[in-house]
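K.L.:
Modelling step: build the complete structure from the supplied sequences, incorporating the hints.
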Amino acid sequence: MKKPAKVDQSEPPWRRWIWYFLGTLLVLWVWQELGNQVEFRTIPYSEFKTYLKKGFVTEAVVRENEIDGRIVPKPENPPQGKPAESPSPAPSPGASPAASPSPGNEPFYFRTERVEDPGLVNEMQAAGVQYAAARPGVISQFLLAWVLPIAVMVLIWGFIMRRIGGAGQAAFAIGKSRAKLVADPDTGVTFQDVAGCDEAKFELQEVVHFLKDPQEYQKAGARIPKGVLLVGPPGTGKTLLARAVAGEAHVPFFLISGSDFVEMFVGVGAARVRDLFQQAKALAPCIIFIDELDAIGRQRGVAIGAVNDEREQTLNALLVEMDGFEPNLGVILLAATNRPEVLDRALLRPGRFDRQIVVDAPDLDGREAILKVHSKDKRLDADVNLHQIAAATAGFSGADLANVLNEAALLAVRRRAIVIKQADLEEAIEKVIAGPERKSRRLGEEEKRRVAYHELGHALVAAYSPHADPVHKISIVPRGRAALGYTMQLPTEDQFLLTREELVERIRGLLGGRAAEEVVFGDVSTGAQNDLERATALA
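In terms of my numbering, the sequence shown has 247 at position 247, counting the first letter as 1, and numbering is strictly consecutive.
Calculated from the structure, these hints are not laboratory results. Since the structure is predicted, the reported quantities are computational estimates derived from the model, not experimental observations. Nothing false has been slipped in among the hints.
List time: in silico DSS-like cross-link candidates among lysine-lysine, alpha-carbon distance up to 27 Å: (1) LYS74 / LYS54; (2) LYS421 / LYS372; (3) LYS378 / LYS201; (4) LYS448 / LYS431; (5) LYS473 / LYS372.
Derived Cβ-Cβ restraints for the label pairs, each shown as a range: (6) ILE18 / TYR131: 40 to 46 Å; (7) VAL419 / ARG349: 51 to 57 Å; (8) GLU116 / ILE150: 29 to 35 Å; (9) GLU199 / LYS473: 29 to 35 Å; (10) LEU22 / PRO73: 41 to 47 Å; (11) ARG438 / GLY23: 58 to 64 Å; (12) GLU501 / ASN316: 48 to 54 Å; (13) GLN388 / PRO214: 45 to 51 Å; (14) ASN316 / HIS209: 31 to 37 Å; (15) GLY23 / TYR131: 34 to 40 Å; (16) ARG438 / LYS212: 51 to 57 Å; (17) VAL147 / ARG114: 22 to 28 Å; (18) ASP309 / ASN406: 41 to 47 Å.
Where a beta carbon is used, it is the ideal one built from N, C-alpha and C, also for glycine.
P.N.:
Written out as structure tokens, the structure reads:
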């Protein structure tokens, strides 16, 4: 099959030419400023007027805010026939001497601030000064008057668009789809990598077969479902299943979250929906996977507000697109949610999401299969019993089981080993359920004794209850935020129904710790708070 062309995400050519143009202007401006660079001596305006009257100023350039020029000192010889003036007497201690500026003997360039002086031109003409007026440089004036304001506005606009459209989004591409395109060689997931949901894989095999051989369905007059909705709690592998479908069929895979459609601008969500389906039709056959569909697929008319109106427009665009493309076009829409009850009815009608597949928490065999999949790249000791670990993790999802194996690997590395032992897996289960050990929390001897009797009460009641799960471990090591101890009971098999007697026994087991404290110490403590909450919830 022809691989889809990769989208070039580099900068557009026009943007590079803009940077070249601005860089050229900057170089010209620097060259102009450096070319006219002369070492100036800054003097007050009054000193400039004194030199002008003495005839020391030979040339001057009058600018908008300053005056530049050249001063050439001349020796002051007395006229012929007139004797030189005798030195003036020393001034009295309280008098201020008259300061006369001395330019020295070497010519120099000067710069002074321009002052409104109407007679300045006449004085320079009388002194024989070569003067001229100068305007700001053309490049400098162009940079300051045009380029700098426009550049500032473009930077501000680009910053706003990046904050709104997300990092990497172009300023004018806010209506473009944010879907991540994964080509078939990059998927890397097949049905062999998915375990614990055999029924869901069987249902999705039909979608894979259609993507591989659509002509067979067309000959039989069959219509493949336009949309498949994966329903299940978090961490059960819904996204992994969608990737596996794309990997099995070797087709492009668009991955996007429902929250990526909604923005603060009106109409952006609908535009992104249309752009997504336009890209998908161009690369058909392909798969579109929308994660967390409930972000845009909530029931309409429930809430009131601008955000709700924008979400409803996005949902309407999605409904129209699902009705618009042909059933045998080769675009399959997969979506996942853990809240199917909040979805709009129009989404779930035949012709849109024709099929709903439940991806539930795995059973005992499924958990063992998931553990085998996630332990392929890990070294397990010979004493590791994955069946026992699967039995101890009732109710765990696939993500939880992967986390258990990862925590076990971390524990093995912590003790400077690369082989995972059974004890590492059991410690990882306790860490996932109750939290990490808190060795820094030191209990007093009286508290340790009370916690020990409390946990013993749970274990004794469970041991004398015929329908209770067997006790696997009792611990008085503090874990997590509040647990000072715990009693671990492992079920022997998966159970989906509970009788009244079994519920009563569970409530009795939860209250066993409080009863043990009352029998031994004659009083109860706050350690039974969580037990009372759970017992009340069961009742």
